[in-house]
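Protein chains: 2
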Amino acid sequence: MADEVKLYAFAEGSFVCRAKIALNLKRIEYENIEEDLSNNNKSADVLKYNPVHKKLPVLLHNGKPISESLVIIEYIDDVWKGVPILPQDPYEKAVARFWAKFIDDKCMPALSKVYSSNGDEQDIAEACEQLQILENELAVKGTKFFGGDNINLVDIAADFIAYWLGVLEEVTEIKLVTKDKFPKLTEWADNFVNCQVVKEILPPRENLLALFRKRFGKA
Amino acid sequence: MADEVKLYAFAEGSFVCRAKIALNLKRIEYENIEEDLSNNNKSADVLKYNPVHKKLPVLLHNGKPISESLVIIEYIDDVWKGVPILPQDPYEKAVARFWAKFIDDKCMPALSKVYSSNGDEQDIAEACEQLQILENELAVKGTKFFGGDNINLVDIAADFIAYWLGVLEEVTEIKLVTKDKFPKLTEWADNFVNCQVVKEILPPRENLLALFRKRFGKA
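Protein chains in written order, with the UniProt record's numbering: chain H, 1 to 219; chain E, 1 to 219.
All the given hints hold, so there is nothing to weed out.
Note that identical chains are pooled: a pair holds if it fits in a single copy or bridges any two copies.
Heads up, simulated DSSO-like pairs for lysine-lysine below, C-alpha to C-alpha not over 30 Å straight-line:
#	residue 1	residue 2
1	Lys48	Lys141
2	Lys42	Lys55
3	Lys144	Lys26
4	Lys113	Lys54
5	Lys199	Lys214
I should point out that these hints are in silico values taken from the structure, not numbers from a laboratory.
Pulled out of the complex, with its shape left as it was, chain H reads as follows (with noise of 0.2 Å):
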């Protein structure tokens, strides 16, 4: 059966990009429909397809939607064979989704709430605290990725952090991550992004910076 995959992105977006690297991990062939983000207007498509939270990204597969970022990297590992994104083991498997849970419920708010307040002190220190959990975390592993050798579910979740929050640290001049402070974070984040898997799918950086730049009035 020909698959029809489709998926609703954009491509500055982090959380698209998780989507796309699940579907790069598994070598999917996929159509790219590029929403336009620039006048906050949402397309029919997406109101059609994500009527509760109207946001990207949405996979379409044979004409079946399936919205957030999480649920749809599982979905895309439970329908595709190849690379697994979640480990087999059911104990492995609820770590890996409970650590995707905590970078979405906690280090995600935190640090966007560092950059709404411009920087606000005690939101720093509360995001670092999230952010130290993680640091911690790669060090019990002594790993190279949150997955081991090889990136998992929890790498993916946490794109915005190895990629997206530097740019926004040099557009807004609030540095989180310091290789002193954080030196696994620090060099799992490097690692991350030079993946093959993921180097194909992140936005040029100078993308990024336009935007952010555009975002914080630095342009």
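With chain H held as given, fit chain E onto it using these hints.
For chain E alone, coordinates are given in the frame of chain H:
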């Protein structure tokens, strides 16, 4: 192999009861370790087994800890055969995960806001908006449960809405879910709490009344 299963629990907690319902569905024997939360102290075990969130429930399976209620439910479904909790079909599974996540990310915070603000009008409107989305989903499905003829991950995730919310409404006199406004949700809640496997687990209503009265200074 003799499985050793322990649940660090708090009988009145809706997140804890999610894990209990899942264990009960699979008819898994486990040791219930009731935590004393009366003085906000966490036991050494909870701090050891869930150092990141320091929250209940924690499932300990053959010495290995799992936390976060939705992660625990997926783990239970992965490890133990018997009554399935998530659909087998990958698309239906993704849909179930989407709704469980919606309940945790949107409904629970919105409900929490209503009662911590003592019924702020805007907060009530926002909570009702989220509940309406669930109402519509039940109407579209036209089934007894979110899971169809039987409860699944989504029903379990919504246990607070089915049971705890009514008690909270009584104590605070801030009523959100009426039969008029949410007929499907009301019917679903009734079906859910009357499910044998759920009924065996739910804490007595008077215990919740006492807990919420104390919490809201209405003792």
